[in-house]
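Chains A and B are the protein sequences, given in the same order.
For the first sequence, counting from 1, position 27 maps to 27 in UniProt numbering; every step adds exactly one.
For the second sequence, counting from 1, position 231 maps to 231 in UniProt numbering; every step adds exactly one.
Check before you lean on any hint, since a few could be wrong.
Note: identical chains are not told apart, hence a pair may lie in one copy or across any two.
Listed next, the in silico DSBU-like pairs over lysine-lysine satisfying Cα-Cα at most 35 Å (straight line) [as the list claims (entries may be wrong)]:
1) 426 / 176
2) 34 / 176
3) 176 / 294
4) 175 / 207
5) 19 / 356
6) 19 / 294
7) 356 / 34
8) 177 / 207
9) 19 / 426
10) 177 / 19
11) 19 / 34
12) 294 / 177
It should be emphasised that the hints constitute simulated quantities derived from the structure, not laboratory data.
Here the structure is a predicted model, which is why all the values come from computation and not from measurement.
Now for the letters of each chain:
Protein chains: 2
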Amino acid sequence: MLDEPLQEAEAEDGYALEKDLFSSVRLAVAAGDKVRMDALFSGLHPADIADLLEQVDGGHRREILLLAGHLVDGDVLSELNEDVRRQVIGFLPDAAVAEAVRDLESDDVVDLVEDLEVPEQQAILNALDVADRVAVEQALAYPETSAGRLMQRELVAAPEHWNVGDAIDFLRSNKKKLPDQFYHIIVVDPAMRPVGYVTLGRLLASKRAVPLTEIFEESFRVIPAAQDEAEVAYAFNQYHLISAPVVDAQERLVGVITIDDAMNVLDEEHEEDILRLAGISESNPSDGIVATTKRRFPWLFVNLITAILASMVISTFEATIAQLVALAVLMPIVASMGGNAGTQSLTVAVRALATKDLTVSNIWRVVRREVLVGLVNGVIFAVVMGAIALIWFGSPMLGVVIGVAMVVNLVIAGLAGIVIPVALEKAGADPALASGAFVTTVTDVVGFFAFLGLAAVILL
Amino acid sequence: MLDEPLQEAEAEDGYALEKDLFSSVRLAVAAGDKVRMDALFSGLHPADIADLLEQVDGGHRREILLLAGHLVDGDVLSELNEDVRRQVIGFLPDAAVAEAVRDLESDDVVDLVEDLEVPEQQAILNALDVADRVAVEQALAYPETSAGRLMQRELVAAPEHWNVGDAIDFLRSNKKKLPDQFYHIIVVDPAMRPVGYVTLGRLLASKRAVPLTEIFEESFRVIPAAQDEAEVAYAFNQYHLISAPVVDAQERLVGVITIDDAMNVLDEEHEEDILRLAGISESNPSDGIVATTKRRFPWLFVNLITAILASMVISTFEATIAQLVALAVLMPIVASMGGNAGTQSLTVAVRALATKDLTVSNIWRVVRREVLVGLVNGVIFAVVMGAIALIWFGSPMLGVVIGVAMVVNLVIAGLAGIVIPVALEKAGADPALASGAFVTTVTDVVGFFAFLGLAAVILL
């Protein structure tokens, strides 16, 4: 039943893998038809081959590799997610893996080996040329998720005194050694410190005699090698960078980061945020049951504790509920509305913190707004819910109680939704990871306490 | 109290606006010091000026514009969010706005005018050269959020018979007319259909006599002008494109999309997903109270209805609760655990649908996994919670009831968390927008029904 519509959706968008491909691969594997397999894979981009390997199950993946392992090159390995990649590398002969990585740029090799165990890592490093190996080892010396890990060593630099003709002659005579993709020539001083850069478009459009220093791009930013990759991605997105030179602590040029890698980081950061907001540390569709259970368990455990806390609030009002069971019927509504309003505020806050749109200059204005929005929505829903409670249970005072509790909880939700993530960010924690638990605890506890407490005072 | 730590965080990352800047601007505005203002803004990237204008309140923004309106150029306008931009354009004289947009690439002009009212749009369009105006009007004829709207008209194309020398001569003699940024020369056939492209790096490294057709990039993709921008962003990220030619229905070259625009779309799509999962249609930190209330209200209203539905389930067990108030104390725990487990599953599903990692080839495997993960976590938490209930209320059977209800609800949560978003995607709805409401309704209803129903049967 589900197959049909998904297939349609694929036909619409065009970039998802076609269903036919999976059946064709299955047939080729069953027939042991290497030629057919070659034909099937040859039309695919490495990223698509990687997606295919990720989407099939482990057993079928091994069958495919047995028949088509020689088609898995470095580009395919780069595109695989960590877990599947480890499995594929473990399955392929060491020599094949070494051969596969030899043509990769240094940043891709780093990305590939950084998660491997030491023996596997060594096997790959040993297969590289000395120069490449040194480059990769130097990159691995930078902290994980730093610009130093993200950058590639392959770049084109030119001294300050060169003119356009010098640069063009250099490019023509070093054809073989140029990076696969490059968009700028980085101009450096004698101490190898970048002083500006020239786009290839500008270079091509200029006369040979023009000095490079005269056609520098206006906007020029260097990235410190120690900078976190999330910051790098932010800078690329904010300043529309295409590539940027990376410098070490002495401000010497050590590499270059290109926008496709920054885009990839941006995508991963978003994935992290979205999953963390839902209480999951990481996730791959190819994960097994054990891995998935482990990744879901911790947040559910935290939630159990917060839910028990809320239950303890309820239990202090057992006598009240025993006298008026309608309270038990209505109390989840107050808590649920608060939880949702709080989640709205905190999601906006987490996102604004990530995009640096929530700063000292506007924090108090945003807090004020969240509280007032909670008040306005609280009053509206208080009236609606008060009326419903009146009609349902025929008690005007019950309507008043749920209305007041609703206003209180929605105001607190707005406040908690902004203050908690900001405080977590201040404390150095990731607001996306922990805010949800805190905010819903607050709205549950406040919701039950306000509603049942008011009921105990007013109704009984 | 909050100022301090946020300021520290800024010093760490370096890309957020400095607190000092805001006070300096405030002082310059108070003193009416145009020269100081020029100095402050001249060191800022247009994107940072835009952020500054977004982060101050409406009144202060007008004061800044009064003093520094002449510093707001087209690049700054492009970077502003829609609401603030509308305010700024409304405040600046028409002539200033027209002057500001004149230097923009066509895609930026389109982005800028597409959300304006017709008279304001006309005022800007009339200020453009005829050729530019026609380009913008043609782009506006494509559907919103299509590749046609995203692309720029400015590009460099070459006929198939050219060699490297022809291309370089063309670039040198058309210096003034070249796009600000370009990375490829697109080679077209006599009917203007793109047949391949050449990177500038390749062009620079090749001898003048080499035909362009011999140095084509291996991977070459054209984007249909009608394609949705979300698909375009996916293609750039998946295939590491830097720029891609856009073609009309007759496959003729009509424009080019560059990766910085695609990265921007990817960022916006993520923002949309993350906010929609929390039940908000859109959000800007600069939004006022009325706008924010309106954007939060609909989802809270949906949530009210689903919460009432859950309450109706509870009310059918009023008699049961009246006999055993402990049920009222414990029932939110079952619902809350189900809601959280369901949210975990649905977030993974929504994300996997967005990255095309959830397809016909693995849907049943993923469904099976979610159900089994729900079962495993359900059993673990059943044992924990059963024991707690036993200790708390001294009733072994109450422990059994909450344990069984927990297992049932977590299995259903896993199932609903994957099936609902997939079904919504199939129905053409955005799974990020509506899944949350459906899934928590299911887990609330199932949670309360399983727990109270079992209690009614077993305990009473």
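Each hint, compared with the structure:
{"no.": "1", "hint": "426 / 176", "verdict": "neither (49 Å within a copy, 49 Å between copies)"}
{"no.": "2", "hint": "34 / 176", "verdict": "within (33 Å within a copy, 54 Å between copies)"}
{"no.": "3", "hint": "176 / 294", "verdict": "neither (48 Å within a copy, 59 Å between copies)"}
{"no.": "4", "hint": "175 / 207", "verdict": "both (21 Å within a copy, 10 Å between copies)"}
{"no.": "5", "hint": "19 / 356", "verdict": "between (42 Å within a copy, 12 Å between copies)"}
{"no.": "6", "hint": "19 / 294", "verdict": "within (31 Å within a copy, 42 Å between copies)"}
{"no.": "7", "hint": "356 / 34", "verdict": "between (52 Å within a copy, 27 Å between copies)"}
{"no.": "8", "hint": "177 / 207", "verdict": "both (25 Å within a copy, 16 Å between copies)"}
{"no.": "9", "hint": "19 / 426", "verdict": "between (48 Å within a copy, 16 Å between copies)"}
{"no.": "10", "hint": "177 / 19", "verdict": "neither (41 Å within a copy, 46 Å between copies)"}
{"no.": "11", "hint": "19 / 34", "verdict": "within (20 Å within a copy, 63 Å between copies)"}
{"no.": "12", "hint": "294 / 177", "verdict": "neither (46 Å within a copy, 58 Å between copies)"}
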